Each structure stands twice: as C-alpha cells, then as structure tokens.
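**Q** Listed here are the chains, written in short residue letters.
2 protein chains.
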Amino acid sequence: MSVATGTLVYEKVALIGLGLIGSSIGHGIKRAGLAKTVSGFARSAETRARALEIGFVDSVHDTAKEAVVDADLIILCVPVGALGKVASEIEPMLKKGATITDVGSVKSAVVRDVGPFVPEGVHFIPGHPLAGTEESGPDAGFAELFDERWCILTPVPGTDKSAEAQLVSFWEGLGSKVDVMDAQHHDVVLAVTSHVPHLIAYNIVGTATDLEEVTQSEVVKYSASGFRDFTRIAASDPTMWRDVFLNNKEGVLEVLGRFSEDLAVLQRAIRWGDGDLLFDLFTRTRAVRRSIIDAGQETAAPNFGRTKPDGDEEDGEA
Amino acid sequence: MSVATGTLVYEKVALIGLGLIGSSIGHGIKRAGLAKTVSGFARSAETRARALEIGFVDSVHDTAKEAVVDADLIILCVPVGALGKVASEIEPMLKKGATITDVGSVKSAVVRDVGPFVPEGVHFIPGHPLAGTEESGPDAGFAELFDERWCILTPVPGTDKSAEAQLVSFWEGLGSKVDVMDAQHHDVVLAVTSHVPHLIAYNIVGTATDLEEVTQSEVVKYSASGFRDFTRIAASDPTMWRDVFLNNKEGVLEVLGRFSEDLAVLQRAIRWGDGDLLFDLFTRTRAVRRSIIDAGQETAAPNFGRTKPDGDEEDGEA
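Residue numbers (the working numbering), protein chains in the order written: chain D, 40 to 357; chain B, 40 to 357.
It is possible that part of the hints are untrue.
Where chains are identical, the list cannot tell them apart; a pair therefore holds if satisfied intra-copy or between any two copies.
As the list claims (entries may be wrong) - Derived lysine-lysine pairs resembling DSS-like cross-links, with alpha carbons at most 25 Å apart:
1. 260 - 288
2. 104 - 134
3. 216 - 260
4. 104 - 51
5. 69 - 134
6. 135 - 288
7. 134 - 124
8. 216 - 75
9. 260 - 51
10. 51 - 134
To be clear, the hints were calculated from the coordinates, so they are not data collected in a lab. Fair warning: this is a prediction, and the values are worked out from it, not measured in the lab.
Input sequences plus hints: build the corresponding full structure.
**A** Rendered as structure tokens:
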C-alpha cells in the first residue's frame, strides 16, 4: 500500500455528497494527512450532522455553493444523474486554479454534464475509483476502502499536467494505484469489466424467475450449482445501476453486441454438437482466472473461500 | 444433517468410477454404515490401488463386469459420455432386483444411453447429487461432500416404488435431501440453475478477451468490478462441461432462447433510455438473493465473505 504519510496535497478539499465514497475519502484524507481542511455538503441535514459527528469532515454547509468556497479540490460524490445540477450550482464559486473531480462509474456522461459548468482556469479531471461495498451512507465509509484498488482518471484534453499529477498523488495518498485514460476508453473498458457483467447477471436472474416450467422455489433450492453467484451481482443498487446503463449507452451497447454475437456462435455449436469449439473456448477461459489471481485481484481459495451458512467450508458443484 | 447411523440400506454396493464423486460416496457409505460391502472399478490400475489403500472400497476389480457381480446397488460415477459403453459391458452381470443409478449432471441422455442395457427385473433410477468441488481423483473425496445438498432422482416411468424408496434412504444416509422428478424436467431446471449460467460465464470471459479495444491486461486489472466473479465458473473443467452441453441440448437451447429474448428487451431499453424498465427488473432481482440466503443455500456475508489475497477482508465495487 502506497500511503504518502503526512504529505499535504491540497490545502482545502470540498466533499459534495457524504455517502459511502465521500465518507471514505474523508477518512482517507485524515489518515494520510492529505489536506489541511475538509468541508462537506449533503442534501440532508441529518447526514451533514452525522458526518461532522463522525469527524471525517471539519465543517459542513447547508449548500454545495458554500462548501466549495476557497476549495482547492472539489470532489463530487453524488449519483451520476445529479452531477449536472450540482455543477451548475457551484460554478460561480469555484476559485481559479482549483481542480474539480468526481467518482462516478461512467465518464463520458460526466464530461458531458459537468463540463459546461467548469469555468476558465479551473482544472476538470473526472475520476472513478474502482472500489465500494454494498453499504450506503456516512456510517459506511472507512479509510481502507481504496487501498490496493485502481483509480482511473479521465482528464479532458489540454488539462494542465501538474494539476493532473497533483490529483494522481492524492489518490495514491488514499492507497490507490492510478491509471489515466480518455473517457470514452474508460467507458468501454468498464462496460466489459463491470457494466455488461452486471447486466448479464440481472438478466439471467430475471429469466430464471420467468420460466413457467421451473418454479422460483426450484431455482432457489438448486441455486448452489452456479446460479447463486449471479444473484449477488443482481442484488446491486437499482438506482445506481439504472443510471449507469442510461449514461453508458454507447459502451454497453457495443460490448453487448459482441457478447450476443459470441453467444450465438456457442448456441449454434451446441445445436450442431460441435464439441471441439466448446472445449477450446472452455480451455481458453480457464487461463483468465489464473491471471486475475496472479494479478492480486482475487483470492485463490476454491469457491471464493465461501463458508456454509453454519460456518463450515462450503463446496459447490460450480 | 439426516444421517441414518448404522442403518444398512444395501448389502453390496458397486462403485464404477472412483474419482471425486465415487470416492466421496464410498466414504459416506462407511461413515453411516449404509452397506455391508463396497466393490470398486476404475480404468486405471493406479486409481484402483489407491482407492483400496485409502479404504473407501473393500475390493477392487480389473473390469466393471467383475465389480458388479452380486451387487444390490450399482452406481455409475464415470463421465456422461462414457455411460453407454459401461452399461453395455455390465449388462449381463446385473442381478435381478438390483438397482442401477448414476451421478451425472444431465439425465435424459443417461436414460437414452443406459436404458437400453438395463435388463428386465433391474431397477433403473438415474440420479444427480448437486455437489462437488474443483478437485479430481480418488484422493479428492470426503464423506461430508453431500451433507445438506440436494440429490435429484429421475426414476424411469413404472419404477418399483420400494426400490425408489430404498435409493432415497441411501442418499439421505449420505446426508442429502432428495427430490424426485422426471428426467426432462431435471434437464430444464439444471439448464437454468447450472448449465446456462456456466455458458454465459464462459461466453463473457471469451468476449472480454476478444475485444480489440480493450487489452487482456486491462480486463484483468479492473476485474474486481464484477467480471472476476464470472471467471471462477469459467474455470470449470472443459471436458465435463463440453459433455454437459452436448447432452442437454434441448434444455440448454430452450433456456438460452429465453435468456436472449430477455436480453434483447434490456438492450432496447438501454438504447431508448427506458429507466423504469431497468429499475423494475433490478428491484425484482434483489429479492431472489435474499431468498437463496434464507433457504440456507448461500452465505449472507457481503462479497461472498471473500478475503483479499493477503488475507484481509475484500471489498469490491460489485
């Protein structure tokens, strides 16, 4: 873990949105001493009070506008669908030389929605930390969330290089590894590694529960043979994921088209009994898991190291 | 766990195939005293010797034919593709009143391949224990494999009811819960809960590695955001799974057709920005996971309770 302990990166950071991600960033800033002061805004007074109480912000404000006064770094941690509105509100208060960033799961839409409200002289560097849990709210956050995780930054063309380097240091200070790419590429990559996998999982769970021949009770009973792994992803937050799909249309449709083409080839192979084609694919895909484990992005324990409900080691057919 | 300790169910059991499943059945029989004697056959002399050495069989034989002499229960634990050949070999030696069963992941094909070789007076009750690990061979087996797991039996029409009840007791003695259904229904149900989920996982891993725009290195790096869950299933044994798809064509094609129809609806909703349709599906699918946990078929721990490679609790974006 690369924590630049005691290294100040920004004087003042403003957190707009104080849920899981905003609160975790606040904790991380404190842990590593990345800023002198942290201001916060959330829509609900209760959340603002809780954030101050927990202590991952130094001050809270009734409006986003007030929170960003004199801030060197503004991090938008609200749902992707709300970004444009927030950006239009705070635009007049952004100081020259400040950097504005976000944490959303899509990037081209963020450039589209926030970009128009970024004044001359303010650095606009959208971002996406690949980290999170199933929890929500100011109590959910913790400093270690971003440790060893990748954070992708998608600075707009022409962005000042030292502003970019500063934001990279900030995320490294939070424990992350940082990659920089353009927004459109981000959206295609995440369509592959996150968005389409989620969509496929949602779909198969939906299909399974719609079959007249197979009862939902049977699906549940026999789920340990492969199906249940999909249900975890399909239990993800509906609002967040609706917004992801509505805001990464291009990336998702492109990857989905490829997925469907490839699936048609498999379907045909099954219909015509082409065992070799199936065998070759299945052999090729085994190697991918090995490389994910070797890259430190997954546990090597069989069956995810999953334990039975009563605590014993679980072994599944899948 | 319902173990009928010390309850003899069959005098002599013959295990044809001594890998993970065969060996686990052998161990389970010993643990619960379900048979007086267990004979075994495997193609390799080494495996036969090892089985005897470990002690989950009382005798081993050079041919399947010899192993089944005087057996009251014959369990075929070889790959689905090999069943017909084995059945034709042992046919002459099956004693009247014996029961023949198997453990394959598909059932209609087993009825088709083994059925013709079952003599008059022998009970044919195909079976499928929904249990297993990623391991193989005689050393892989253990008595607890079937505990709390479902075993599905698909007796052919007209099967003697007391022979069926006896096999049910046997599987309950191994720790399982037993359901009885017809073979065609089994194949559709397992197409939903196991076969098509595996196919989808194989497909998405294949698609992900075929995109020109996204490197395999990127797919691996950013895999923690959802993709990696799929890679586990896509690391399953290529031979076994090739045989499953070749032998459950009808069930798989039916479910695959539904899956693709439903996916096209989602694709269209994304193209046209139909947020409500997406939101409604995502809300509906959340409930399925809850019921799987409540049915004792899954851990409630977030993220499967997965630990980071260095042993710390892992939190993923998905």
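**Q** Next step is simple, just say for each hint if it's right about the structure.
**A** Cross-check of the supplied hints:
In this homomeric assembly, residue 260 and residue 288 come within 25 Å of each other (Cα to Cα) only across copies, at 23 Å, whereas the closest approach inside a single copy is 35 Å. Taking the shortest Cα distances, residue 104 and residue 134 sit within 25 Å of each other inside one copy (12 Å), while across copies they are farther apart (87 Å). Taking the shortest Cα distances, residue 216 and residue 260 sit within 25 Å of each other only across copies (11 Å), while inside one copy they are farther apart (41 Å). With identical chains, the CA atoms of residue 104 and residue 51 are at most 25 Å apart within one copy only, with a shortest distance of 15 Å there and 81 Å across copies.
Taking the shortest Cα distances, residue 69 and residue 134 sit within 25 Å of each other inside one copy (23 Å), while across copies they are farther apart (77 Å). For a Cα distance limit of 25 Å, the shortest separation of residue 135 from residue 288 qualifies neither inside one copy, at 34 Å, nor across copies, at 65 Å. For a Cα distance limit of 25 Å, the shortest separation of residue 134 from residue 124 inside one copy, 19 Å, qualifies, whereas the shortest one across copies, 80 Å, does not. Taking the shortest alpha-carbon separations for residue 216 and residue 75, only the intra-copy value of 23 Å comes in at or below 25 Å, while the best inter-copy value is 61 Å.
Proximity of residue 260 and residue 51 under a CA criterion of 25 Å is satisfied in neither setting, with 54 Å inside one chain copy and 32 Å between copies. For the homomeric pair residue 51 and residue 134, the shortest alpha-carbon distance inside one copy (12 Å) is at most 25 Å, but the shortest distance between copies (85 Å) is not.
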